[in-house]
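Colleague: Listed below, chain by chain, are the residues.
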Amino acid sequence: MIIVERRPAVIVRPHRRRRRRPWPTIALFLAPALALFALLVLAPIVVAAYASFFEWNGFGVPTQFVGIDNFRRLLADEVFAGDLRRTLLLVGLSIGVQLPVSLALAMLLNQPLRGRRAYRMVFFAPYVLSEVVTAVLFTMIFSPNQGLANHVTKLIGLGDLGATWLADTDTVIYSLFLVISWKYFGFHTLLYLAARQSIPHELHDAAATDGASAWQAFRHITLPLLGPTIRISVFLSVLGTVQLFDMVWVLTGGGPIRSSETLAVTMFQEGFKRFHVGYASAISMAIFLISLVFGLLYQRFVLRRDLEGAVTTMGGHR
Amino acid sequence: MNRGSRVALHLVSILVGATIVVPIVFGVLGGFKDNGQLFTNPFGLPDPWLPGNYLDILGSGAFWRQAGNSLGIAIATTVLVVGIGAMAAYIFARYAFPGRELLFTTFAIGLMFPFAVAILPLFVLLRELGLLGNPLGVILPQVAFGLPVTIVILRGFFRGIPPEVEESATLDGAGPVRFFWRILLPMSRPALGTVSVLAVVGSWNNYLLPLIVFNDSRWWTLPLGVQQFQSQYSADTARILAYVTLAMLPALLCYAFAERQLVSGLTSGIGKG
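Residue numbers (full-length UniProt numbering), protein chains in the order written: chain A, 1 to 318; chain B, 1 to 273.
Some hints here could point you the wrong way.
Stated by the list, open to error - Computed spacing ranges between beta-carbons, pair by pair: (1) A:Asn110 x B:Gly99: 39 to 49 Å; (2) B:Leu129 x A:Leu155: 51 to 61 Å; (3) B:Leu249 x A:Tyr174: 21 to 31 Å; (4) A:Ile221 x B:Gly36: 52 to 62 Å; (5) B:Ala62 x A:Gln216: 55 to 65 Å; (6) B:Leu45 x A:Phe59: 48 to 58 Å; (7) B:Gly36 x A:Gln216: 49 to 59 Å; (8) A:Asn145 x B:Val22: 12 to 22 Å; (9) A:Arg300 x B:Leu71: 36 to 46 Å; (10) A:Asn110 x B:Val21: 18 to 28 Å; (11) A:Gly115 x B:Leu45: 15 to 25 Å; (12) B:Trp64 x A:Leu75: 47 to 57 Å; (13) B:Gly52 x A:Phe65: 51 to 61 Å; (14) B:Ser264 x A:Pro224: 16 to 26 Å.
Stated by the list, open to error - Computed, partial: chain A to chain B, Cβ under 8 Å: (15) Pro32; (16) Gly58; (17) Gln111; (18) Met121; (19) Val122; (20) Ala125; (21) Glu131; (22) Leu137; (23) Phe272; (24) Val277.
In short, the hints are calculated from the structure, not lab data. Note that the Cβ used here is the ideal one computed from N, Cα and C, for glycine as well.
The following block holds chain A by itself, in its conformation from the complex (with noise of 0.2 Å):
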């Protein structure tokens, strides 16, 4: 998740000097934080790291040291290329269907409507269930035979149409894709429309006076002023991807044969079944370099233009 932190109203001189003895309280407020971080966030990814260098089964120390042949090996393996090959298609069906189709829903909640807190409301439920409990539920609605997805395909005439649903190596990535959709998509309506009114109302006054259509408003208006915010949305959507895992284990765990494995799910299935903990460290710093890569060359070329002190600026001392 990334915070765009708004410049402060108020610019904040940093006159310390006058406390004598600053250095007491730094280290007093910031010892927990930092002790807490460095044991339990930044060692383990430098132990991954390290890890990942080895052929280990995770206890003892890791002694067999095989250099870059996790990577190397990694890089040939089937699974992995079809993990990056799933995480590439559900990122594009996310931003290609599941955002647009946000966005189209929070402007309609923008108009007049009666019972829009209510809409709003029910928009946004599923994003307080655990990925867990959406999971489970939605496994009971894809049965084949009590469920609920097969009785309303039949109920509009696709009979045939979606009936294996979690159990065809074809199918089983879209349905992940409509529960993932089912549980977010809210979240995503409700940050458009958060943006949508906090645009002030003499702007689409003006264009509505000057003659602009509906479409026109929307285009060269609204889109252009909610840019920061898709943008922002693209984001947190395709690391969320990038790094999904209670849902598929829940879900499928992985199958019907690796059909809807993740990055994530290869990783567990390798250190915590396998013990090949080496090779699954290996994995887990591919998660972590596409993530910071990605996050970091996106924070670059893509957000820089919206965010005044965007979390990664380096010694912009403000």
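Given the coordinates of chain A, work out where chain B should sit on it, guided by the hints.
Modeller: Frame of chain A; chain B shown alone:
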């Protein structure tokens, strides 16, 4: 807006609303059916209503223990991450010292670290520390991973508080600890609310960490319980639906009561364009 487009608007909203609501209602009603009813009558109301599945689960103790574990872990995580995060954010917002930006950036980049990357070495580390099977093994990593978002949001908020407030407090003889505790934190209630919501939701929904830390079902949280229940009764759809419904209920109730704060909390931090 003319009448036609208003009707169309309502239709689309209702349709989308239905796709959200129907699965949840299917779960709630399904818990009152038996498997025969689910097969023959998937859409309608239960006939007859069979509360047995719900009553069994509510009387079993396992459900309550899991809900209690989830709640306790969420509260402990939230108190710790907000407290520790606020202390650090205060320093990052108000004190200039060499290396501050580098240190803050390290925390901020932590926003992009997924649990999944660190989970293997974290497991090994927790094993060495003897924290497997201990709620601290879940709470402390959750706090550590929650620090980035907490610190980034709170630092932004703390910076907006005029320095005059701190100066006058200092003139009145308040030290930094006193200022932080008595003035800064009470002034920051909205931001503390936001980060608390994020921490509670994150902890309540966490799955991977409890999964690897808790072997003993005594400590299981609701997500673990739901998944275990699903594999145990895999053939009994109605019973699983009842369990899922009961597991959804706390989150949905909480959401119904605190919708406004929760939504504004989540959207204010993120992407206000």
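Colleague: Which hints, by number, does the structure contradict?
Modeller: Going through the list in order, the structure violates no hint and respects every one.
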